[in-house]
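Student: With chain A's structure known, arrange chain B on it following the hints.
2 protein chains.
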Amino acid sequence: MPESYTLHYFNLQARGEAAYLIAVHGGVPVTRNLFSDFNKDLKEKCPFGQVPLLVVQDDVSGATAHIVQSIAICEFLAKKAGLIPTSHVEQAIALQYVLGVDEFRTEVYSQYYSGKETQQAKKEWKEGKMKFFLDKFESFLVGNKKEDRDLFLVGSSISWADICLYDALVEQAFLLDEDNLWGNYPLLKKFMKQVENSSESFKQYVTSSSKPVLYMKNWRQ
Amino acid sequence: MPESYTLHYFNLQARGEAAYLIAVHGGVPVTRNLFSDFNKDLKEKCPFGQVPLLVVQDDVSGATAHIVQSIAICEFLAKKAGLIPTSHVEQAIALQYVLGVDEFRTEVYSQYYSGKETQQAKKEWKEGKMKFFLDKFESFLVGNKKEDRDLFLVGSSISWADICLYDALVEQAFLLDEDNLWGNYPLLKKFMKQVENSSESFKQYVTSSSKPVLYMKNWRQ
Chain A
1 MPESYTLHYF NLQARGEAAY LIAVHGGVPV TRNLFSDFNK DLKEKCPFGQ
51 VPLLVVQDDV SGATAHIVQS IAICEFLAKK AGLIPTSHVE QAIALQYVLG
101 VDEFRTEVYS QYYSGKETQQ AKKEWKEGKM KFFLDKFESF LVGNKKEDRD
151 LFLVGSSISW ADICLYDALV EQAFLLDEDN LWGNYPLLKK FMKQVENSSE
201 SFKQYVTSSS KPVLYMKNWR Q
Chain B
1 MPESYTLHYF NLQARGEAAY LIAVHGGVPV TRNLFSDFNK DLKEKCPFGQ
51 VPLLVVQDDV SGATAHIVQS IAICEFLAKK AGLIPTSHVE QAIALQYVLG
101 VDEFRTEVYS QYYSGKETQQ AKKEWKEGKM KFFLDKFESF LVGNKKEDRD
151 LFLVGSSISW ADICLYDALV EQAFLLDEDN LWGNYPLLKK FMKQVENSSE
201 SFKQYVTSSS KPVLYMKNWR Q
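Residue numbers (UniProt numbering), protein chains in the order written: chain A, 1 to 221; chain B, 1 to 221.
Careful, some of the hints might be misleading.
For chains that are exact copies, the list does not tell them apart, and a pair is met inside one copy or across any two.
[Said to hold, decoys possible] For lysine-lysine, the following BS3-like pairs were computed, each having C-alpha atoms within a straight-line distance of at most 27 angstroms:
hint : residue 1 : residue 2
1    : K129      : K116
2    : K145      : K211
3    : K79       : K129
4    : K79       : K116
5    : K79       : K203
6    : K217      : K123
7    : K136      : K122
8    : K146      : K123
9    : K45       : K203
10   : K45       : K146
11   : K43       : K211
12   : K116      : K43
13   : K122      : K145
14   : K126      : K43
15   : K40       : K193
16   : K40       : K131
17   : K146      : K193
18   : K203      : K129
19   : K123      : K45
If you're looking for bench data, these hints aren't it; they were derived computationally from the structure.
Pulled out of the complex, with its shape left as it was, chain A reads as follows (with noise of 0.2 angstroms):
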């Protein structure tokens, strides 16, 4: 049946991000309402008060339902973007990876926030964490890799948890604002470039300026 997606979040490109790139991906038409006061009466729409929010509304019926909970939204919208693995055990592997995108990006966030001087705090998210995650998500791509073929996390074609990869590690490429950040995983570095061109849509889209800013600036100062 046809439906609308509207998708609440704040300006910002953070949590909300790849929900939409997964919907741009597969050209699924999703509106965006980015504000910067989380206002009271969005607030008691969302289940657990948080953002990002997905209102799908049936166009025949006009009943509308309310999805939250990022990981929740980017499985519903990659359904539709047709970038879901088919088999149960591929679909498995993709959301496995999702999530461990999701602790990469819950590490750094709570690096941040940590308190700790700025020079201090980046320098043990590079040398611990980030070189955790990294060192992983490349091994994953060289374990996955076949001859004369794009680099996938899973199986042999785009799925949403390279999405939500690409997504993080751009945010992570800010925040550090380093030139050789990519030195050490020349996979990683062709997968970003594989998946921003994977698609027309996408790539208009990402290399556009309607893209919402990117998240914890300071690090980047």
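Tutor: Leaving out everything else, chain B in the frame of chain A:
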């Protein structure tokens, strides 16, 4: 195709039990390897170095796949167990609740390891985040309640979200060791009984003495 499943986890309920409960509920045969020593060989098989790990073996080819992250394992087994709602919207809402239950669990483990004096930590938990989450879950049951029907988080039949919530509530009840914990939550209390009685194999397992021990026993002492 026929598959065999082995679930590896510490000899504890914690983050390993919900997956097993889902399998038991749906009659999916899962062998468990419950260990006290997380050895290096097994750790190396886990993509992020963490359990739970579900090993899926194709009974024809003998090929194996490794799935980690408790929520990915739960969703995979829920598909085999017939515990996934039918529509995309209800599937997303189920996952949203599973992710919320996981946050609830993460918060209590974090408070448990906060280094605060036991009674103080428990008091803060009960008056803060525990109250927040139990109020939420009670309200979700109220919101989805229909006359003359059992209580479910999503739709009108039991789903993996209900099993995951049940599992977390069992842990809470143990943890706080208070008969009156459910005084403010009549629907959660009723819900737990209904989940327990919703499948013969499930009821048999949860009332047996063959379950692993519960986590965080210090708060109970």
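Student: Each of the hints needs a verdict: does it hold here or not?
Tutor: Structure-based check of each hint:
no.: 1; hint: K129 / K116; result: both (16 angstroms within a copy, 25 angstroms between copies)
no.: 2; hint: K145 / K211; result: neither (31 angstroms within a copy, 41 angstroms between copies)
no.: 3; hint: K79 / K129; result: neither (31 angstroms within a copy, 33 angstroms between copies)
no.: 4; hint: K79 / K116; result: neither (41 angstroms within a copy, 44 angstroms between copies)
no.: 5; hint: K79 / K203; result: within (20 angstroms within a copy, 34 angstroms between copies)
no.: 6; hint: K217 / K123; result: within (16 angstroms within a copy, 37 angstroms between copies)
no.: 7; hint: K136 / K122; result: within (19 angstroms within a copy, 36 angstroms between copies)
no.: 8; hint: K146 / K123; result: neither (35 angstroms within a copy, 54 angstroms between copies)
no.: 9; hint: K45 / K203; result: neither (33 angstroms within a copy, 36 angstroms between copies)
no.: 10; hint: K45 / K146; result: between (45 angstroms within a copy, 21 angstroms between copies)
no.: 11; hint: K43 / K211; result: within (23 angstroms within a copy, 40 angstroms between copies)
no.: 12; hint: K116 / K43; result: neither (31 angstroms within a copy, 31 angstroms between copies)
no.: 13; hint: K122 / K145; result: neither (31 angstroms within a copy, 48 angstroms between copies)
no.: 14; hint: K126 / K43; result: between (35 angstroms within a copy, 23 angstroms between copies)
no.: 15; hint: K40 / K193; result: neither (40 angstroms within a copy, 35 angstroms between copies)
no.: 16; hint: K40 / K131; result: between (39 angstroms within a copy, 20 angstroms between copies)
no.: 17; hint: K146 / K193; result: within (17 angstroms within a copy, 51 angstroms between copies)
no.: 18; hint: K203 / K129; result: neither (30 angstroms within a copy, 42 angstroms between copies)
no.: 19; hint: K123 / K45; result: neither (39 angstroms within a copy, 29 angstroms between copies)
Hint check: violations occur at hints 2, 3, 4, 8, 9, 12, 13, 15, 18 and 19; the rest are consistent with the structure.
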